[in-house]
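Asks: Single-letter residue listing:
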Amino acid sequence: MTDLKHIRNFSIVAHIDHGKSTLADRLIQMTGTVAARDMQEQLLDSMDIERERGITIKANTVRIEYPAQDGDTYVLNLIDTPGHVDFAYEVSRSMQAVEGSLLVVDASQGVEAQTLANVYQAIEADHEIVPVLNKVDLPAAEPERVAEQIEDVIGIDASDAVEISAKTGLGIPDVLEAIVQRLPHPEGDADAPLKAMLVDSYYDPYLGVVVIIRVLDGKIKKGDRIQMLGTGGKYPVDRLGVFRPKMQDIAELGPGEIGFLTASIKQVRDTRVGDTITHEKKQTATPLPGFKPAQPVVFCGLFPVDSAEFEDLRDAIEKLALNDASFSFEMETSAALGFGFRCGFLGLLHLEVIRDRIEREYDIDLITTAPSVIYHIHMKDGTMQELHNPADMPDLTHVDHLEEPRIKATIMVPDEYLGDVLKLCQDRRGIQLDMTYAGTRAMVVYDLPLNEVVFDFYDRLKSVTKGYASFDYQMEGYQTDNLVKMQVLVNDEPVDALSTMVHRDRAEQRGRAMCEKLKDLIPRHMFKIPIQAAIGGKVIARETLSAMRKDVTAKCYGGDATRKKKLLEKQKAGKKRMRQFGKVDIPQEAFISALKMDD
Amino acid sequence: MTEDWQHGGFGLYIHWPFCQAKCPYCDFNSHVAAKIDQSRWKSAYLAEIQRVAAELPNRVLNTIYFGGGTPSLMDPDLVGDMIAAIRGAWPTANDIEITLEANPGSVETGRFAAFRDAGINRVSVGIQALNDADLRALGRIHSVAEARKAIEIAQSTFDRSSFDLIYARQNQSLADWQAELREALAMAADHLSLYQLTIEDGTAFGDRLSRGGLRGLPDEDLAGDMYFATQEICDTAGYPAYEVSNHAALGSESRHNLIYWRYGDYAGIGPGAHGRVTVGGQKFATETHLAPGKWLNAVEETGNGENLRDAVSGFDQAGEYLMFGLRILDGVDLKRLNGLYRDYIAPQKLLELLELGLVARSGDTLRTTAKGRPVLNAVIRNLLPEV
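As you go down the protein sequences, you meet chains L and S in turn.
Residues in the first sequence are numbered from 1 upward in steps of one, following UniProt numbering.
Residues in the second sequence are numbered from 1 upward in steps of one, following UniProt numbering.
If you are wondering where the hints come from, they were derived from the structure by calculation, not from laboratory data.
Check each hint, because a few of them may be wrong.
Unchecked claim - Straight-line Cα separation of at most 25 Å, DMTMM-like style, residue types lysine to aspartate or glutamate; simulated pairs:
| no. | chain 1 | residue 1 | chain 2 | residue 2 |
| --- | --- | --- | --- | --- |
| 1 | L | K572 | S | E200 |
| 2 | L | K565 | S | E300 |
| 3 | L | K566 | S | D316 |
| 4 | L | K555 | S | D333 |
| 5 | L | K246 | L | E65 |
| 6 | L | K5 | L | E128 |
| 7 | L | K570 | S | E386 |
Bound-form chain S, shown alone:
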């Protein structure tokens, strides 16, 4: 019998928690460390790979994703050893996608060839802006020139590459963004992630905003205009959105990220990595120790970096699947949703959204429409059952 996760596939997420500097908008698990004992970390990562592999044996691994932090600061040998261990632990898909997040600094780009030789076949470069003043405002330590250079090297080194931009920045006009996006598309390979700047609590930007600082952020209407302009420009350039913030030429989507959005299984390795893994027919949510030192000690002393493992109920699985599935063009398979939790969506709520044209249904597939996607949070809030 097919288990539900098989609709999405199986991927491995590896978290490298260190950065050279912390960006003020970033709410990821990242740390600035003076000195990192790469051999200690290597043993810990390898031990965790073996632990997870023992629990989830004999499945085809579709993707590996090195995220962070700044994994491009990892020693390429460490990356190579990990990939080798992973390939030894699972049968891997022929077209396995192995992505590494990279910063455009010269230290990192200098290692691109070594990463390719270690087995990385896709990079995602954090460019964020094509404007030096804005890069400084975002707390980035690279320049536009370095960014362009990094994209060039990435494209000549790897088969596939992507880069990120952040829009709806302070004092950014619609015209500014349109111009910048066109410029970006001209140098894009096959994939782009375009994020609206989100101010998260607990970040430096969040603190500044709550103290009344961080002026000049666009209002909802301007942000909406920027979103629609983004769709139009990318569609025309042949990079339609296959997810809220992700654009790709057909067939060049991030397969790893699609595993999340298709609600497959993903195992998380490294400090603060989350997973959704099905063991004995039950889906679990897993989390590892968040603090790098704590994680390292736990792995070394107990042989297990995990500190949380919760069975995810069918009800909660349905909610997570819905939240993810409506982000992508695939949409949500209502039959599959019903299999996770019967009658999860109230028919009346669905009808209202259908009438408003925010979602569309064809057969058993429920999709967010172009109109519904920019207000997806409201759509999901409406579909989540009353509790």
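This is chain L alone, in the form it adopts within the complex:
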């Protein structure tokens, strides 16, 4: 057990690419926590996808022992949190487990939207915040201007910001000293009944569920019988330890300490982040308030390209769900795509990560249908239904009105691109809430419908600003609007996987765009194919895909028999990669590409 005064618990807040993981690596390295030969980049990010995309998805912790200039050795616990908005809720929970934050800002880039969102969570969690200006070694670095920006935009004192280069190691000792001197030590009563917070949990194939805990009061030892007050689960502690960043067993964890335990817990779903862990016999009288579980906000269908792989897909999804309580799924049948799953995600990045993992780790080719949000359908009988899939839209005669989720989006952008950003937001039915300037960068805040954002908003934003804009959002609740289900009919038959919810005023425009896209995406057939967009029974847009005009081998003589026949057979097999709908073969990419809007 470590003396409270010699513990510092902190997290790092940063925008993507501002150097959070590199700083964490340096802190670990410089304190000798990891031997030089074991050092690798992004030490705390264990998944391939985390390393590849340079992002952190799950929260990770590491315990660092640091001999400070005052002669004492301190235990520093870093909780590395995801930076992306999709995982914002995970961040806010992790923030509750520590007392301070390092705010890392790229001294050449300045404050970004994501920095803001995360730093506000740190402020809300009452953190002491140490601003750290990274990449001061770059020629484009302007530490003074960025410090000023931190004060202007975030409103915290940046006069004694630590200037570092995580890449070269410059200033890292100053960061360690600042952690010890400027962050508060945790409080807690070692003699009180055990009260620990369940910070996060993950599934390990060898150990079962590993639970990350922060002890608030009391002590926990291996062999203790514990109870989780929220779920009621009772377990004996099999193993207790800390991450350095490899697992290392420890005899006891006391107040203020962060570590892990395993307790024969079968799946991550059996644990609830924010739950209070206490002793089964001697329970704490003041449990933590707990957290709401994270709710999926974006839904899409995942279907195997090869329908024979449906069971493999089920297996993959179930395994992934074991370790990710925020990911939901249910079986879905589509006339166009066969059997698959309707899956719920925290956001688009979460969707992409899960999809990539299924394709990569389980080697299953997927068709992903257009993402959708949850609509609230208020029926005439006063009941309310949630709509996760436009294909399930009930008969309009029973529907009173629809509500859609809206978000508050914060976008930071160099002023030369501001006009394009405002137009994009306006085109997506946005309502401007705020616009302020910090130097040459503008910060605009918009109220936007989530369904206009989930699909390709971020791609469009990146393209109109050449990648210079940053974007973050939070959910703002539901609002009534004039929403309709738009169907697409190919060769007079509705294609359920292409149904979307759209705003009535934009339906014609969207319908036209979709029909035009599909006309290009669907190859010509032997007959002409009408492609229509319709609301209810009313066609609002129509295109006709002409019949194939010419596809014949010019020369086919005796010596060509084998080769030309093989070619035709190969082409025929290639058509199997398409989905047959009625008599029409629709290529897989059409299901997503048709919905992209080239504003």
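Guided by the hints, dock chain S onto chain L, whose structure is given.
Replies: Chain S in isolation, oriented as in the chain L frame:
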């Protein structure tokens, strides 16, 4: 009992693999050689004729076809010796058709009379275009003037002659092609082959296209318009299409090529020649060594130029027959098809195509319609069984 191949007849294909220059659109087995030892080649060809004749004895030979490469570069004596050997090895039909492919160069046309004396009774001249700029773009080494001269000589030398044109060329308009085709028909004898330019992988054009070059090729709609214009103009001029790309006055069809399309037996002699031959009631696909030197050595050392012989299953025979038969006016005999492989075509698929008017059925004959022919590949893809 009649064997299936007898519905198509029996022909001999002889491949001469050498050219003066390789054309950029050509994916045939052709080579440019500095010097050719014609006597060595002659012995090899004669040996192969004897080998094939021993295997397929006592059948009436309907046709001989010298293809290439540029067989008009062969020594006429070699051609004469081969024809004599063939006539000695098989009983030949009274009306045996002996075709030679020719290029319109002066060297070749100068030999036309000698080829006639050697036994050739039909030539097919590779004209390709009646426009000098386009001939250069196609990599041809002759001029329009030479082409006209070659056609003239061919017609005065041989009873039957044909020439080839390529259309849907770079930057060719519909009007350009219509005019050129009318010009061509005015000097045609009894047969014309009109091919849409096809860019094949592994050719110089294929490489250029994949690198983003070869601009100005017509799109599908223009190519379709050109195809239909071709049919209309040729029909009016009395040269209806009896096959996708082949037009002839009635009775002047290429009998040799009809053997392929009617799925008869054909033996292939020379480097890279393919055959379909029925031995002991089983149809085999044969191929000879592709590389000229390799073929020559194999024949000299082992007495056999063949390097592949696969039994063709009834299922695959049905597929090949269908693919060929739908190219020609004759169509496919469904009874014969059923004899090769029972219920090869799914009735539902056939019904769909019949309803779309792409194929038509009368009695047991299934034919591609005028509407179906330009999209024949799609028709065949639909009829091929799912595997």
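Asks: Of the numbered hints stated earlier in the document, which are not met by this structure?
Replies: 2
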